[in-house]
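Put the complex together from the two separate chains, hints included.
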Amino acid sequence: MTTNPLTQEVSSGRPPASRRRSSPHKRAIAVFVLPFGVLFSLFYAIPVGYAVWQSLLKVEREGTFGVAREVFGGFSQYEQVFSNAPFWNSVGRVLTFGAVQVPVMLGLALIFALLLDSPLVKGKKFFRLAFFVPYAVPGVVAAIMWGFLYSPNLSPFKAVTENVAFLSADLVLWAIANVVTWVYVGYNMLIIYSSLLAIPTEIYEAARLDGAGQLRIAWSVKIPLVMPAILLTTVFSIIGTLQLLAEPQVFRSFSSAVTSSYTPNLTIYSTSSIPNFSLAAAFSVVLAVATFILSFTFLKVTQRKGNK
Amino acid sequence: MKTKNRAISVALLTVIALAGCSSTEPTSTDASGPANPATSKECQPATGNVELTFTTWVPGMDTVVALWNEQNPDIQVTVQTGPNGNGGTYQNFFNQLKAGNAPDLGQIEYDALPNFRVQDGLVNLGVCADVLAAQDEFVGWTWNQVSFGEEGNVYGIPQDAGPMAMFYRKDLFEQNNIPVPTTWAEYQDAAVKIKELGGYITNFSQSDINQFAGFVWQAGGSWFQNDGTSWSVGLTSPESIKVADYWQGLIDDGLVSANPPWTDEWNNAYNTGSDWTWISAVWGANSISAGAPATAGNWAVAPMPQWNAGDNAAGNWGGSSTAVFKGTENVYEAAKFALWLNTSDEALTALNKAANLYPATVAGANLPALKEGVEFYGGQAIYDVFAQASTQVNPDFTWGPTMTQVYADASDGFKAAVSGGGTLADALTATQDSTITTLKSQAIPVKE
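Quick note, the sequences are listed as chains B and Z, same order.
Just so we're aligned, residue 1 is where the first sequence starts under my numbering, counting upward by one.
Just so we're aligned, residue 1 is where the second sequence starts under my numbering, counting upward by one.
Warning: the hint list may mix true and false statements.
What the hints assert, rightly or not - Derived DSBU-like pairs (lysine-lysine); straight-line CA-CA distance at most 35 Å:
#1 B:LYS124 x B:LYS158
#2 Z:LYS440 x Z:LYS242
#3 B:LYS158 x Z:LYS195
#4 Z:LYS193 x B:LYS158
#5 B:LYS158 x Z:LYS170
As the list claims (entries may be wrong) - One side of the interface only, derived from the structure: several residues of chain B facing chain Z at Cβ under 8 Å:
#6 LEU154
#7 SER168
#8 SER256
#9 ASN276
#10 LEU279
No lab work stands behind these hints: they were computed from the structure.
All residues carry an ideal CB built from backbone N, CA and C; glycine is no exception.
Isolated chain Z, as found in the complex (with noise of 0.2 Å):
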């Protein structure tokens, strides 16, 4: 008796689980619904007032929000702070959209637009005129970045940029007579001599792809490419191989050290001068004043070194998005917040002082906060470099629907490369194979 009871109760809630499953089945195609055609009634203001959530995970960012709050008594944002994307923020948007119960507004990288919007997780702003009326304010890459290039499609307002520049130990540089490299192969000649200071020139970051994916795009390389019908995915171009092996030869030599990039020995490294520049965004002002702040004063920053001498290319590593998730009810207000976070004067200014965050709009760079000397750097006018740099990134860098996984599968492979298994060439020649391979899984179509 008793076994039958729990047969009985074990077959009806595998019935249960079962007809749970299917019930859901419906409700993922009709979120599919209309995916295109934008009818201006999904972005209509609602009668009476609208509470938003938005999760993000810019320090300082619930200062900001106060400052809307305060306005807009009708329009209450509440923000709620997780970890960096990566870091476990993207997992749980993930889980939230499949669980629908994900925010209104949600903080997402560029490099992470594809992944949600092949996941169908993104309100396409489009249908909002006010979003369309806007693209004028930002710098154009940053703009074919949330619109995937295509005409009359928004899926987030772009937020911040980061064109990367050089921050390097200007008193040791100088001190040791030792020219501020304007050229890649300069780089490697000034490594060779910090070397036999006992320094490193730099820290490759192993398992932070994106800086990597930085120096790609600096040289023209594009890991991705969606010509409509299928993608074809370019880890193994030769800018990517270029690059690729140019890392590789600082890493043999012993030039550069390998701490895992974000902890305390990385922090160190930088601290305690043993590491001399690093090549990085403009929100990296931020992460070197905080992990080094024995060098206080020592630091100034320069434009990427060049390919080729003469030529004017910047990298970009991140900058992000507001984006809209489905299901939210309240598209119009959601938009309208998110255009004021990242265009209006106050909001701007408030997140360069909280997060060091760099305007994606073209008005920001004129802002006055971003004029002023900063006493880290010497009294530097830091921002400059990185106005020019912007100008100069490279339109056309495409990112992929999987990101998450081309990053993972990267910085094993990167990782080994440090230890001494095999090459950074090998390791994207690794992540190319299994990119296609989740692509494949994905039912998104790709080209071999």
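Bound conformation, chain B alone (with noise of 0.2 Å):
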């Protein structure tokens, strides 16, 4: 997601200027612009024209310890990005993650939120708590513990992980995807949450005058209300799945299955470990433009049908 803010900025600022007004608070908008727009550009935009710029550099010597010269590459580094299989196969996998591990982790997010909204629930503060703590532990240290309870001869529960291989080329991908569920899923129960928090009593009194049950409420009240808090998770969420790192990172240390280019951040990491900057740099362009299309592509798709 790093790039689409620049390039959506520079495409629509073509048309000419007009209206140009002079406003009485120009010196106040630049000192409450003035602290944002310069972290702005120096964490971000300077960083993302950086790897831009990294990207289309690439490397000269002469000799065999010859001292490197960067020079203008133009685009031979995308050439080997595209023609990079195993870039593409982890891309492909993540895909595969994301289409199952998403759903689930979204629907489990909305059961729970829901049941919190339930007035039939009762220790809604003990439970709001206790599904949101996974996400206060670091995703290093929780992939670190499910790999010990992974684990087939370690694991507290011997008798399923000596007979199920959870760190196997089947299976590890989807223990893995049950990290990030476990993570994850009280963060965005919390962002559904509190949408169905801002929803006005009035409308549930309406629909228990018009005889809906509380299974009826969360259905035809609760869930279309709560759809935009819905749709923004699942945007987080798929960029969140295309940039997978830690936990694979993690996994490849006691899996076997798991390889340097396992998921696309895990290659763009190895890239820059070589050390091969540019080609590190035209990856994470590439990874980049492709989340940017696919969390936008989700967004058109949903809004188009929710004006239907």
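Right, here's the structure in full:
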């Protein structure tokens, strides 16, 4: 998701200047915008621009230990990106991952949020916190902990893990999906739940007057009204899926099935440790554009549906 | 108006960003400057006090450096610790070099030195007369690793060596009347007997390729050759394939376990007596005693099994150097410290006590600390075995300039092989190809 605003703004910035009106608050606006502008450019626009620039360079040298010169290489790095089969395999892998994991995770998040919002459930504060706690566990720690639980000989659930090879090539992707789901269900639940809290109670009263029960209210009132929140979490999840790094990186050390190019971001990481910064930058730009296209397409498609 | 301003700011930022990058261009060529002409001007003592930073992952290094700091108030060294090299520290070094804020000194294993040299990250310590004069203090092959066999060039001070031998469960071999193998053929026979008893002779290291490289090293192979004008890649050399086929045989017959190395599962396999031997480097003594404490006193060390009975070849696994990074302003002091750290009796003794490092110096083999029996190994003077192995290491093994990539790709293939997808030889063939591609993408001349 790194380059999209830039490209978006560059392309939308074309229309000729018109309707210029001098504002009396110009200075105030500048003062308020400046802190954001500085941070945005320092930590976002400039790094993104630098990555794009880096991706257009290539290395030249003479001799076996000649000093490298970085020269403009046009799209030569991109040629390598598009002919790199492991990278595209890994993109396919995370898409498969996302197609299963995102609906499961958001489905659970929605169910938990609706349960928390239901007047029938006791101890809401406790459950709200309990569901959210995994998100407070750093991703790496969560992956290490689950790796231990999956471990064939050391797991506290040895009876299961001795017979089911969670870390094998067939299952490890879903073992990772389980970790990601465990971490992020609570987070997504909270977003959906806060959106549920924002629904005016009059609507529920009206629904009840019409004779709707709790299930009916949930299905016909609550879910349609929190749809924007669900869409938002879906976009976040798509982005998160394509950028999967920490969990597979940790699993790599104890699973034979996780390779150095298991996910797109792992490929980028391994490429930058060659170190081949230009190729890594090109991978990153392609991944960012792909992520942008995917999230944008998803938004467009769902918005069109909503407008019908 | 809003959009126009945004467009302007974006355009401006892009210009700044591009200007920012292009302005770094001249500095990178500057740094390349005179690579070889060794003027001693570059190795002059500084006036006044000097502060150096040293990044390492060797446990206990801070206590060793504290000895130096006490004796050298004018050259104070600060130790920074990180994960082991391929575990993240090399990546940090590369990033720091690119950003221009690398530490003065860094721990670099021999296999990674070519990688740092090709990225122009290292000071050639050949500019310091003291360093050149120290050559004879080091075991020949370790000096070869840091000088790349080139007269007058030194890219790091050798610190330790990793001559390999066989750690084995003396008690189990004796109880079951299995002779301790001296050849690889006997090793396989023993593996079959151990399998019948429900154990494994060893664990095949699927993701730490260095062990396998050590086997190839012993067999007389070399993964890279540099003839001065181009590299040749020898991952599929006959020696390399011979070793791969041997281990593939053990894997196919289920004679070895395949726990990923350096994990709790792996420690557990040794601690519970399921795995019986480990062919490893001298520093491995520490790994076993730390990872398998329940087996204290039951281990012993013997020379590596040989390909032909009566041969005397040893492999090497690991060993590292203290290198000085480009960008330091104090080459003289950094070299002085690195020499003390890796040649003085007190530092070498302290490093051995703290991390079982085996000195790369000739005299180091005679340190009193390396003559003592080790309790964990039933009182055996295990370093004697390694001292002998150290003299049997082939001096001509050469590492390539993209070892991180070689390890990552070989490990991907080896992992597949232990899970039944392809063979070790397939993995080496694939890595041979990807290595050539990577060298080309770095514009490093390579023979195909």
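Checked hints:
Proximity of LYS124 (chain B) to LYS158 (chain B) is assessed by CA-CA distance (about 34 Å); at most 35 Å being required, the pair is judged to hold. About 27 Å separates the Cα atoms of LYS440 (chain Z) and LYS242 (chain Z), which keeps this hinted pair within 35 Å; it holds. Under the criterion of a C-alpha separation no larger than 35 Å, the hint pairing LYS158 (chain B) with LYS195 (chain Z) is consistent with the structure, at around 23 Å. Our distance criterion of 35 Å between C-alpha atoms is met by LYS193 (chain Z) and LYS158 (chain B), whose separation comes to about 28 Å.
In summary, the hint linking LYS158 (chain B) to LYS170 (chain Z) is supported, as the alpha carbons are separated by about 30 Å, within the 35 Å threshold. Annotation: LEU154 (chain B) was flagged as interfacial toward chain Z, and the flag holds, the nearest CB pair being 6 Å apart, inside 8 Å. For the restraint placing SER168 (chain B) at the interface with chain Z, the shortest Cβ-Cβ distance is roughly 7 Å, inside the 8 Å limit, so the hint holds. The interface hint given for SER256 (chain B) holds, since its Cβ lies 4 Å from the closest Cβ of chain Z, which is under the 8 Å cut-off.
Taking 8 Å as the C-beta cut-off, the interface hint given for ASN276 (chain B) holds, the closest approach to chain Z being about 6 Å. Taking 8 Å as the C-beta contact cut-off toward chain Z, the hint placing LEU279 (chain B) at the interface holds, the least distance being around 6 Å.
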